[in-house]
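Heads up, the sequence shown is in the working numbering, so the first residue is 1 and it goes up one at a time.
I should point out that these hints are in silico values taken from the structure, not numbers from a laboratory.
A portion of the hints provided could be inaccurate.
[As the list claims (entries may be wrong)] As a list, the in silico DSSO-like pairs of lysine-lysine whose alpha-carbon atoms are at most 30 angstroms apart: (1) Lys24 / Lys65; (2) Lys3 / Lys20; (3) Lys65 / Lys29.
All values derive from a computational prediction rather than experimental measurement.
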Amino acid sequence: MAKAILAALIIGAIYYLFFKPRPKPSAPKMPRDEARAILGVAADADEQAIRSAHRRLVSAVHPDKGGSEELTRRINAARDTLLRRSA
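Generate the whole structure from the sequences, applying the supplied hints.
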C-alpha cells in the first residue's frame with residue numbers, strides 16, 4: 001500500500017512539474033511619454049483617440065502588409081500602456 005501511495009505522489013509531482021500553468025513573460029515597461037510619442041496622441045487623449053491612433057498606425061505597419069513585427073509590437077505596447085493607465 002505504501003508503494004502505491006509513493007508512486008502516486010511521484011507521478012503527481014512529475015505531472016505538476018511538466019503541466020503546471022506558467023506565467024506569461026511581462027512586456028517591458030514603456031514610459032507614458034514614449035507611448036504617446038509613438039501613437040502621436042496628446043497627453044489628454046481619451047480612450048477613443050488612443051484606439052483610433054493605434055488602428056491607423058497598425059494598418060500601415062502590420063506584418064501582413066509588409067511591415068515590421070517589431071514596430072507592430074511597439075505600437076501595441078504603447079496602446080496597452082496608455083489604456084492601462086487611463087482606465
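Okay, the hints, checked on the actual structure:
As the CA atoms of Lys24 and Lys65 are separated by approximately 28 angstroms, the hinted pair is consistent with the 30 angstroms bound. Of the supplied pair hints, the one linking Lys3 and Lys20 holds, its CA atoms being roughly 25 angstroms apart against a limit of 30 angstroms. For the hint pairing Lys65 with Lys29, the CA-to-CA distance comes to about 27 angstroms; that is within 30 angstroms, so the pair holds.
Of the numbered hints stated above, none is contradicted by the structure.
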